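Given the sequences, and given the hints that come with them, work out the whole structure.
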Amino acid sequence: MSRSLTRGVLTKDEIAKMIADDIPQGAFVNLGIGQPTLVADHLDLERGVVLHTENGMLGMGRAAVGDEIDPDLVNAGKIPVVETPGASYFHHADSFAMMRGGHLDVCVLGAFQVSVRGDLANWHTGAEDAIPAVGGAMDLAIGAREVLVMMTLFSRDGSSKLVPECTYPLTGVACVSRVYTDHGVFEITDRGVRVREAFGATVDDLRQRTGLALLS
Amino acid sequence: MTDVLEGADAADRAVADIHDGATVLIGGFGTAGQPMELIDALRRRGATDLTVVNNNAGNGDTGLAALLATGRVRKIICSVPRQSDSWVFDDLYRSGRIELEVVPQGNLAERMRAAGAGIGAFFSPTGVGTPLAEGKEQRTIAGRDYLLEYPIRGDYALIKAHTADRMGNLVYRKTARNFGPVMATAATTTVAQVVDVVRTGALDPENVVTPSIYVDRVVLVPPEAAR
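As you go down the protein sequences, you meet chains D and X in turn.
Everything in the first sequence is counted per our numbering, starting at 1 for the first residue and increasing by one.
Everything in the second sequence is counted per our numbering, starting at 1 for the first residue and increasing by one.
Please note that the accuracy of each hint is not assured.
[Said to hold, decoys possible] One side of the interface only, derived from the structure: several residues of chain X facing chain D at Cβ under 7 Å:
1) Phe29
2) Ser79
3) Pro81
4) Arg82
5) Pro104
6) Ala109
7) Thr126
8) Arg173
9) Lys174
10) Ala176
[As the list claims (entries may be wrong)] Between beta-carbon pairs, the in silico distance windows are:
11) D/Gly86 - X/Gly71: 46 to 52 Å
12) D/Val9 - X/Asp20: 57 to 63 Å
13) D/Arg191 - X/Gly71: 52 to 58 Å
14) D/Gly192 - X/Gly143: 19 to 25 Å
15) X/Arg144 - D/Ala63: 33 to 39 Å
16) D/Arg62 - X/Ala66: 30 to 36 Å
17) X/Gly118 - D/Ile79: 35 to 41 Å
18) D/Ala87 - X/Val208: 17 to 23 Å
19) X/Asp61 - D/Gly192: 47 to 53 Å
20) X/Gly120 - D/Gly8: 54 to 60 Å
[As the list claims (entries may be wrong)] What the simulated footprint calls covered on chain X by chain D, stretch by stretch (three residues with Cβ under 8 Å from a Cβ of chain D suffice, anywhere in the stretch; the number is not a length):
21) 30 to 36
22) 178 to 191
Hint data in this document are derived by calculation from the structure and do not stem from the laboratory.
Predicted, not measured: the structure shown is a model, and the values here were computed from it.
Beta carbons are placed, not taken as given, at the ideal position from N, Cα and C, and that holds for glycine.
What follows is the structure, encoded as structure tokens:
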């Protein structure tokens, strides 16, 4: 059921809160660098959600402040963080085995583009002078059991980032299950893209602006 | 037998045999776990035509970035070369003075793990259908697609741990562990800088992360001597 027009376009924080609310209790979760880190602010870590960081830690806590700052304790974005009770440390090969082996329940990633079949492009704009930097994005995209994307639906020039086919270089093939945006939440299904919720627009508006045959 | 080197020139002595053309695995994720004093010693050593394996391609103007700035690194293998503070690498790359192999972070770690574990190659699902799959053998196993990935072996590994005993057993500290334990297994000669060396038997065997068999040289860099 779409809540069309019942609320306006979402802010980044509202998108982050919506994702956090959808993450089940007890889940092991990896939050990608950038916008997805906002999801942590809305997760109740006391509720048993355990954050994984690719640089070798489960049970990552919030950003460190003041005396808590320790250069040996950072997140994937190299930001100092704190540990939560029950945290553990492990080396890089174990950390990525955890992803690749399907042990992580959820990861939340940013994206340049997501295709209607769930292809993800988030590591390279394809520009010739760009220095490619992939980090852990490809491992996460194919590793986590559920890959959620957090992004704005439209780029600055107004073009849709939910697309029939990605034009940017791919990070992973058919790996995204749900896309959270300022204008709506989209489920990638075998039958096509279904609009779970729309914000500040009707599903028809979104069909028109994205040029996609969205299911409602 | 592990050599434990102490004193002002310990880091220089530990890297004195690193030769031109060597492949050097360097630990660290950003600056966490980056063996600054060993990298500085390698820079002073002056070996050239090096291949460096690290997650990044240097931060700011110190450590790995300072080594790159000498122009003696021919090639870097890493997952994240571009960062907000990677200007040294950016300049070298844009002017064609360094070769870059970008490897997904998990494949980077696993390729070194494979080298250390005597695995000839392995199939990884990471990167299938992406530009990084180009030129790689692809195989479908039980309905899933994989790429053939080869080990990355080092002539030397320069890593940072927290505490060593005199035999070379290592424990690490928090997320500074990162690539250290994997790189220690993947190099012919592994050099670990530590902030503390304790007598053999003082580490709880249950808590040793890198067993001494993987460690050739320990360099004591006490916290007051570290930058």
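Going down the list of hints, with the structure as the test:
{"no.": "1", "hint": "Phe29", "verdict": "5 Å, holds"}
{"no.": "2", "hint": "Ser79", "verdict": "5 Å, holds"}
{"no.": "3", "hint": "Pro81", "verdict": "6 Å, holds"}
{"no.": "4", "hint": "Arg82", "verdict": "4 Å, holds"}
{"no.": "5", "hint": "Pro104", "verdict": "4 Å, holds"}
{"no.": "6", "hint": "Ala109", "verdict": "4 Å, holds"}
{"no.": "7", "hint": "Thr126", "verdict": "5 Å, holds"}
{"no.": "8", "hint": "Arg173", "verdict": "5 Å, holds"}
{"no.": "9", "hint": "Lys174", "verdict": "4 Å, holds"}
{"no.": "10", "hint": "Ala176", "verdict": "4 Å, holds"}
{"no.": "11", "hint": "D/Gly86 - X/Gly71: 46 to 52 Å", "verdict": "47 Å, holds"}
{"no.": "12", "hint": "D/Val9 - X/Asp20: 57 to 63 Å", "verdict": "59 Å, holds"}
{"no.": "13", "hint": "D/Arg191 - X/Gly71: 52 to 58 Å", "verdict": "56 Å, holds"}
{"no.": "14", "hint": "D/Gly192 - X/Gly143: 19 to 25 Å", "verdict": "23 Å, holds"}
{"no.": "15", "hint": "X/Arg144 - D/Ala63: 33 to 39 Å", "verdict": "37 Å, holds"}
{"no.": "16", "hint": "D/Arg62 - X/Ala66: 30 to 36 Å", "verdict": "33 Å, holds"}
{"no.": "17", "hint": "X/Gly118 - D/Ile79: 35 to 41 Å", "verdict": "37 Å, holds"}
{"no.": "18", "hint": "D/Ala87 - X/Val208: 17 to 23 Å", "verdict": "20 Å, holds"}
{"no.": "19", "hint": "X/Asp61 - D/Gly192: 47 to 53 Å", "verdict": "51 Å, holds"}
{"no.": "20", "hint": "X/Gly120 - D/Gly8: 54 to 60 Å", "verdict": "57 Å, holds"}
{"no.": "21", "hint": "30 to 36", "verdict": "holds (count 4)"}
{"no.": "22", "hint": "178 to 191", "verdict": "holds (count 5)"}
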